[in-house]
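2 protein chains.
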Amino acid sequence: MSAPMKTKMQSTLFKLNIWQRLCSYRCYSTLKKNINDILNQSCENGKLPVSTEGWIKSLRKQKKFTFFHLNDGSSSTSLQVVIDSQLCDRLISTGCSVHVEGDLVKSHGQGQAVEVQASSVRVIGQCDNDEYPLKAKSNYTVEYTRQLLHLRPRTEHHSNLLKLRNTASMAVHKYFQDQGYLFIHTPIISSNDCEGAGETFSVETDVSKLPIQEDKPEQTNQDSKSFFGHPAYLTVSGQLHLEAATGAFRKVYNFGPTFRAENSVGRHHLAEFYMIEAELAFTETLEDIMKEMESLVKHTCYTMIDSHESIVDYFWKLSSHSEQKSISTRLIESNFIRMTYSEAIKVLERKNDIFKFKAYWGCDLQKEHEKYLVKHCNNVPVFVTDFPASLKPFYARRNSEENTVAAVDLLVPEVGELFGGSLREERYDIIKSRLDDLQLTESYQWYLDLRRYGSVTHGGFGMGFERLLQCFLGINSIKDTIPFPRWIHHCSL
Amino acid sequence: MSAPMKTKMQSTLFKLNIWQRLCSYRCYSTLKKNINDILNQSCENGKLPVSTEGWIKSLRKQKKFTFFHLNDGSSSTSLQVVIDSQLCDRLISTGCSVHVEGDLVKSHGQGQAVEVQASSVRVIGQCDNDEYPLKAKSNYTVEYTRQLLHLRPRTEHHSNLLKLRNTASMAVHKYFQDQGYLFIHTPIISSNDCEGAGETFSVETDVSKLPIQEDKPEQTNQDSKSFFGHPAYLTVSGQLHLEAATGAFRKVYNFGPTFRAENSVGRHHLAEFYMIEAELAFTETLEDIMKEMESLVKHTCYTMIDSHESIVDYFWKLSSHSEQKSISTRLIESNFIRMTYSEAIKVLERKNDIFKFKAYWGCDLQKEHEKYLVKHCNNVPVFVTDFPASLKPFYARRNSEENTVAAVDLLVPEVGELFGGSLREERYDIIKSRLDDLQLTESYQWYLDLRRYGSVTHGGFGMGFERLLQCFLGINSIKDTIPFPRWIHHCSL
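Taken in sequence, the protein lines are chains A and B.
Here our numbering runs 251 ahead of the position in the first sequence, where the first position is 1.
Here our numbering runs 251 ahead of the position in the second sequence, where the first position is 1.
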C-alpha cells in the first residue's frame with residue numbers, strides 16, 4: 252500500500268471510530284414529542300397514546316367537556332385537547348402551562364385532522380387571569396404588545412415573526428456557505444467609526460472600580476482611566492474589517508449586530524439591528540456585486556415561503572397594502588432593474604413638481620425620490636449605480652469618469668434603500684490621496700497596508716436584515732421585526 | 252376536488268412557479284473556479300486550461316523557470332504554478348496578487364497531484380517586500396502576528412483558524428436547528444446586567460450632538476442627556492431574555508457577542524467573546540441539560556474533524572501538550588463524568604496540601620481545583636453538579652436539600668470551566684423571596700411575570716465558543732481563537 256493511501260485509510264478509520272462512539276452516545280438521548288410531531292402523526296386506524304406539555308392558547312369550559320388549544324411554539328397550528336370536565340384540573344385557564352396525558356384520535360371537528368382525548372390534564376404553572384395582559388384570544392395591536400417585550404413571543408403574531416426570523420437567518424448562512432464564503436466575526440467594539448456613516452455609541456467602563464485579577468495587567472503608558480486606552484465605539488459596519496480578510500480569502504461575510512445612535516422614532520430605524528455584509532476579492536465589475544445581492548435576496552425570501560408559506564401569507568394578509576403578495580413575490584420572480592444615478596436623476600427631474608426636495612445631478616436621493624423610482628419601475632426592485640463621488644464614502648472606487656464612483660444602492664418597495672454596495676478602491680495612490688484630503692491617513696495606516704501588500708480588485712455590500720423582513724413581509728414598523736427593539740428613549744429589559 | 256386539497260395544490264403551484272423563476276435567474280450567475288476547485292480536478296489524460304487568481308505564498312525564481320505557490324484562501328493546500336521565467340511578470344514577489352493563465356497538468360513533483368504550467372502571470376497588486384511584515388515563508392509566533400490583525404488572516408496559521416471557526420459556527424447552528432431549537436437574537440444593549448456576572452461596559456452617546464431627524468422624537472420626561480433615558484450596558488448574557496422566549500417555545504438558543512470588562516491579560520479572558528446559550532422548557536432534571544451540553548460539544552468537535560481533519564491535526568501537532576490529540580478526542584469519544592459538588596470537595600480535600608486555596612464545602616472552585624478534578628478524571632470532561640446556593644446566581648433552582656441548587660459546571664482539560672448551566676427557579680414564591688433579599692424585585696418585575704403567567708420548569712446553559720476552540724485545538728491563548736481580540740488596553744482596528 253502506498254504511503255498516501257495508508258494515511259488516507261488511517262484517517263478514515265480514525266473518523267469512523269469516533270463517529271461510531273458519537274452514535275453510541277446519541278442513543279442515550281431520549282426523544283420527546285413536541286406538538287408539531289404530534290400534529291403530524293396519523294391515527295387513521297385508532298388511538299395513539301400521547302403525553303405532552305404546552306401553554307393553553309384558548310379555552311372553552313362546558314359542563315360536560317372542557318376544550319382547549321395547546322401549543323409549545325413548535326407549530327403554527329395548535330393541538331385541540333378535549334377532557335371530561337370532571338377530570339380536568341380546576342386551576343386551568345388561558346395562558347397557563349399544562350401536562351397532558353391521553354389518546355390522539357382522528358378529529359371530527361373542523362380545522363384539524365387530529366385531536367387529543369385527554370385522560371389527565373395537570374397544571375404546571377398557573378396564570379393569573381385577572382392580571383394577565385394577554386388573556387383575551389383576540390389580536391392585540393403591535394403597539395400594545397411592544398410594551399410587553401417579555402410576553403410578546405406568546406402571541407401568535409410575534410411567534411410567527413420569530414419563526415420566520417429564524418428561517419431567514421439560517422437561509423442567509425446557507426446561501427453564503429453554499430457559495431464558498433467564509434463567515435467572519437467582525438468586532439463589535441471598534442476603535443474605528445468606519446465611514447462616519449451614522450452617529451456612534453461609545454463604550455466605556457469605570458476602570459477604577461474593576462477588581463484586580465490575579466494576572467495583573469502589565470504596566471502601560473496609556474490613559475489608565477480608560478479600559479482600552481483610547482475611545483472605543485460600537486460598530487457601525489464590519490466592512491473595513493472584512494476587507495482585511497479579503498486579503499486572504501476570495502469570499503467572506505459577516506452577519507451580526509450593528510449600531511447607530513439615530514435620533515429617530517421613525518418606522519425604518521433601530522439603534523441596534525443586524526447587518527449582513529459580504530466582500531468578494533478578484534471582482535472587477537459592479538455587476539458581480541449586484542448578482543450576489545440579488546441572489547441573496549431571492550434565496551432568503553424564497554426559503555421563507557418554502558418553509559413557512561402559511562406564515563408568510565399571514566403577514567401578507569395583515570399588510571396595509573392590498574397588493575402585498577404581488578409586490579413581495581416580485582423580489583423573487585422579477586429580474587431587478589439596473590439604472591445609473593444619472594438616468595435616475597433624469598427620471599426624477601421630470602417629476603420635480605411633486606417633490607419636496609427637487610432632484611438635480613449631484614443631489615442625495617431622498618426617501619421620496621427612492622419611492623418614486625421604485626414605483627416608476629413598477630414596484631420591481633431597482634439598482635441605482637455610479638453615484639457622484641461626493642455622495643459616497645472614501646473607499647468607493649473611482650470610475651474612469653472621474654466624478655463618479657462604482658457604488659450601488661438597491662431600492663425596494665416601501666422600505667427604500669435595502670442595500671448599499673460598491674467596488675472598493677484598491678489603488679494605493681488614489682485611496683491615499685482621498686484619505687489625505689480627509690485627514691484620515693494616520694488612523695487608516697492599516698487600511699492602506701491592504702493596498703500596499705498584494706492589493707486586489709474587490710467589492711462588497713451590506714444589507715439590513717430587519718429591512719428585508721420589513722419589506723418582504725409588509726410589516727409596518729421595523730420595531731416589530733426584532734425580538735428586543737432599541738431606539739431613542741427605548742431599551743426595555 | 253376537496254377544498255383543502257385544492258388549497259394545497261394552489262400552494263404547490265405557487266411555490267413551483269417562483270422556484271422556476273428563481274432557477275431561471277440562477278442560470279445567469281457564472282461560476283468562477285477557485286483554487287480548491289482546481290486542485291480537485293483530475294487531469295490524468297492531458298491538460299486542462301485554467302484561469303485563476305490568488306496570492307503568492309512562496310516563490311522560487313530560477314534562471315529558466317519560476318515556481319510559486321498560489322492560494323486564494325479556498326484550500327489549505329496551495330496550487331503550484333510553474334512559468335518560463337522569460338514570460339513571468341517582473342513585478343512578482345511573495346505576497347503579491349496575480350492572475351494566472353495556463354494548463355493544469357499532472358504533477359511529477361512530490362506533495363501535489365496537479366500543477367499549473369502557466370502561459371501568463373500578471374501581477375494585480377504588488378507587494379513591497381522591503382516592508383512587508385510577512386514576507387518570509389517561516390512560521391511567525393502568534394505574539395508577532397497578534398500585532399498585525401489586519402494581515403494575520405494571510406498566514407497559514409490564522410487562515411486555518413478562521414476556517415475551523417467558520418465550520419464550528421455552522422456546526423453549532425446545525426446542531427440546534429436539527430434539534431428543533433429556535434434561534435433568537437437576544438439584545439446586545441441591555442438595561443439589565445444579568446447576574447452581575449462580570450464587570451460591564453456602559454453604552455452612551457452625546458445626545459446633544461445628534462442631528463435632529465425629520466421624524467423628531469416625541470417629547471418625554473426622561474433624562475434628555477441620555478440616549479436611552481437610563482443607563483445601558485453591553486450584554487453579559489442573553490439568558491434572561493432567552494427565558495422570556497421559553498415562555499412561548501420549547502427550545503431556544505442564541506449565539507452572539509458577549510462582553511466582560513475584565514481587568515485581565517490572562518490567556519483565558521477576552522473583553523468581547525461569543526457565547527452560545529440555550530434554554531429548554533418542560534425540563535425537570537439537570538440530566539436533560541447535561542445531555543444537551545455534552546451532545547453540543549461532541550457534535551461541534553466531530554464536525555471540525557469531519558470537515559477539516561488535516562487542519563485540526565495541524566493544531567494538535569502545534570500544541571505544547573504531547574497528548575493533545577488523545578485529550579481532544581476524549582471530548583467526542585468519552586462519556587463525560589458526573590460528580591456532585593460535595594463529591595468533588597471530598598476528592599479535593601484529600602489533596603489540600605498541594606493547593607494554594609484550600610478546598611472546603613462551601614468554597615468556590617479555583618482554577619487549580621478545576622484542573623485537578625479533570626486530571627483526577629483522567630482528562631475526561633467532568634460535570635460538577637448541585638453547588639451550594641451561595642455560589643450561584645439567584646435564578647438557579649433550589650434543590651430539596653435547601654442549601655444546594657440544581658446548577659452544573661462542565662470542566663474540561665486545560666481550560667477549566669467551559670460551560671455553566673442550571674435549572675431555573677420557576678416557582679414564583681421562591682424566586683420572589685430571593686429577589687427581595689437582593690433588593691432586585693423592582694427591576695425584575697418582568698422576570699417575575701414569567702413566573703406569574705404560565706411558568707414552566709426549565710433550564711439552560713451557556714458555553715464560551717472561544718473556550719471550546721481553545722480546549723479542542725489546544726491553542727494556548729484565547730486571543731488567537733478570534734479574528735479581532737479585545738482585552739484591556741487592546742482594541743486594535
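Think of the hints as simulated: they come from the structure by calculation, not from any bench.
Warning: the hint list may mix true and false statements.
For identical chains, the list gives no copy identity; a pair is met inside one copy or between any two copies.
Claimed, not checked - Derived DSS-like pairs: lysine-lysine, alpha-carbon spacing no greater than 27 Å straight-line:
1) Lys257 with Lys576
2) Lys425 with Lys414
3) Lys314 with Lys425
4) Lys643 with Lys683
5) Lys266 with Lys425
6) Lys476 with Lys460
7) Lys315 with Lys618
8) Lys460 with Lys542
9) Lys622 with Lys542
10) Lys266 with Lys626
11) Lys568 with Lys257
12) Lys314 with Lys576
13) Lys609 with Lys284
14) Lys460 with Lys643
15) Lys284 with Lys542
16) Lys618 with Lys460
17) Lys460 with Lys312
18) Lys298 with Lys425
19) Lys607 with Lys386
20) Lys607 with Lys357
21) Lys576 with Lys259
22) Lys425 with Lys308
23) Lys315 with Lys683
Fair warning: this is a prediction, and the values are worked out from it, not measured in the lab.
Here's how the hints hold up against the structure:
no., hint, in the structure
1, Lys257 with Lys576, "between (58 Å within a copy, 19 Å between copies)"
2, Lys425 with Lys414, "both (17 Å within a copy, 16 Å between copies)"
3, Lys314 with Lys425, "neither (52 Å within a copy, 48 Å between copies)"
4, Lys643 with Lys683, "within (16 Å within a copy, 54 Å between copies)"
5, Lys266 with Lys425, "both (25 Å within a copy, 19 Å between copies)"
6, Lys476 with Lys460, "both (10 Å within a copy, 24 Å between copies)"
7, Lys315 with Lys618, "neither (60 Å within a copy, 62 Å between copies)"
8, Lys460 with Lys542, "neither (51 Å within a copy, 39 Å between copies)"
9, Lys622 with Lys542, "within (22 Å within a copy, 52 Å between copies)"
10, Lys266 with Lys626, "between (57 Å within a copy, 26 Å between copies)"
11, Lys568 with Lys257, "between (62 Å within a copy, 19 Å between copies)"
12, Lys314 with Lys576, "neither (44 Å within a copy, 67 Å between copies)"
13, Lys609 with Lys284, "neither (61 Å within a copy, 47 Å between copies)"
14, Lys460 with Lys643, "between (43 Å within a copy, 22 Å between copies)"
15, Lys284 with Lys542, "between (43 Å within a copy, 17 Å between copies)"
16, Lys618 with Lys460, "between (46 Å within a copy, 24 Å between copies)"
17, Lys460 with Lys312, "neither (58 Å within a copy, 59 Å between copies)"
18, Lys298 with Lys425, "neither (40 Å within a copy, 34 Å between copies)"
19, Lys607 with Lys386, "neither (46 Å within a copy, 57 Å between copies)"
20, Lys607 with Lys357, "neither (62 Å within a copy, 67 Å between copies)"
21, Lys576 with Lys259, "between (53 Å within a copy, 17 Å between copies)"
22, Lys425 with Lys308, "neither (34 Å within a copy, 30 Å between copies)"
23, Lys315 with Lys683, "neither (82 Å within a copy, 38 Å between copies)"
The structure is inconsistent with the numbered hints 3, 7, 8, 12, 13, 17, 18, 19, 20, 22, 23, although it conforms to all the rest.
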